[in-house]
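> Sequence:
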Amino acid sequence: MRAPAMSFSSSFSSFQLPVSAKHGEKQPLTAVSPRSQWGCGGATNDHRLKKNGCRCNCDKGGTAGCGGHGLGSILTREMFEEMLPYRNDARCPAAGYYTYEAFEAAAKSFPAFATTGDDATRKREVAAFFGQTSHETAGERGWNAPGGPYAWGYCFNKEIKPKSDYCDRTNQQFPCVPGQKYYGRGPIQLTWNYNYGQFGASIGQQKQLLENPDLLLTDATLSFQSALWFWMTPQWMKPSCHDVIVGAWMPSARDEAAGRVPGYGLVTNIINGGQCGRGQNAAGEDRIGFYKRYCDMFGVGYGDYLDCYNQNSFKKVFVDDMSIKLKSI
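At position 135 of the sequence shown the residue is numbered 149 (the numbering used here), and the sequence of numbers has no breaks.
Keep in mind that the hints were calculated from the coordinates and are not lab data. Mixed in with the good hints, there may be bad ones.
What the hints assert, rightly or not - Pairwise CB distance ranges, derived in the manner of DEER restraints: (1) GLY315 to GLY162: 35 to 43 Å; (2) ASP179 to GLU95: 22 to 30 Å; (3) VAL191 to SER266: 32 to 40 Å; (4) ASP133 to GLY288: 33 to 41 Å; (5) ALA296 to GLY193: 28 to 36 Å; (6) ASN102 to ASN226: 19 to 27 Å; (7) GLY161 to ARG183: 41 to 49 Å; (8) ASN324 to GLY193: 16 to 24 Å; (9) GLU270 to GLY193: 39 to 47 Å; (10) LYS175 to LYS306: 23 to 31 Å.
Computed from a predicted structure; not experimentally measured. We put the beta carbon where it would ideally sit given N, CA and C, even for glycine.
Given the sequences, and given the hints that come with them, work out the whole structure.
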């Protein structure tokens, strides 16, 4: 989710926390497919599944899904602490909020997460999820923080100084509640009323989240669920981040013409297409930096196509389609 600039100063030498980024591009709302949340895959039509590209691979001692979740065998408490060593630092506005227990509880609702494919694929998905969400909750690169910029993920749980209330008043399916603001919250900085509404509907709390989006600031498990929901759920013309990172998505001819190819870069395009198609940029490098750090910790390769610098955003597909339709009228 896209974010405005923000800084957080302290008495520590040269320590500055800039943006809590968010993927709040205004996108047309369409029905979502729940299949990717509950099983392996969920891509259809242009998002074609690779043959034999999706299978659940879970440990017998797991906690949920596929006969055993198996996530705990990849992301242990010790690894979680090593990945996010400063999240509880007093200089982080969200200190004390994000816990391993909350993430583990949230993941039980999405049994395909980190259980699809071989061991390297599963680890790469965890690295990709935390790479993107660490960027969303830490800020852009270039700040002189202890341990380096990629050690400061999960410092924020809400957007600082939002530019608007992020209410799409044309959306009647998930209408805004007067007085509420739908700015970025949680690990993936969920933004816009239609995203709060869709996520809420998926867990039977649509009314509650539209009326009180701050629930994502008071319930860490719910907050992680919102991020995993966005990660696992295809929306509009986009595949899910999950399908892309596990190799279950194949680009259509239109995708290939737009430079959209499978890889971590396409995940960035799904989350914040506004950072794509404009050459190398600091936000993109920051997302990649977090991802590489976590892949290195898990001992897995990065895969191909890490950036989206030469990819058209999915938003452009909508604009082009509308232009064609208007010309045909």
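> Look at each hint and say if it fits the structure.
Structure-based check of all given hints:
1. GLY315 to GLY162: 35 to 43 Å: Once the Cβ atoms are compared, 22 Å apart, the range 35 to 43 Å for GLY162 and GLY315 is violated.
2. ASP179 to GLU95: 22 to 30 Å: About 36 Å separates the Cβ atoms of ASP179 and GLU95, which means 22 to 30 Å is violated.
3. VAL191 to SER266: 32 to 40 Å: The hint (32 to 40 Å, Cβ to Cβ) holds, given that VAL191 and SER266 are roughly 38 Å apart.
4. ASP133 to GLY288: 33 to 41 Å: holds, 34 Å
5. ALA296 to GLY193: 28 to 36 Å: At roughly 35 Å between Cβ atoms, GLY193 and ALA296 fall inside 28 to 36 Å, so the hint holds.
6. ASN102 to ASN226: 19 to 27 Å: holds, 26 Å
7. GLY161 to ARG183: 41 to 49 Å: holds, 43 Å
8. ASN324 to GLY193: 16 to 24 Å: violated, 42 Å
9. GLU270 to GLY193: 39 to 47 Å: About 45 Å separates the Cβ atoms of GLU270 and GLY193, which means 39 to 47 Å holds.
10. LYS175 to LYS306: 23 to 31 Å: Holds - the Cβ-Cβ distance for LYS175 and LYS306, about 29 Å, lies within 23 to 31 Å.
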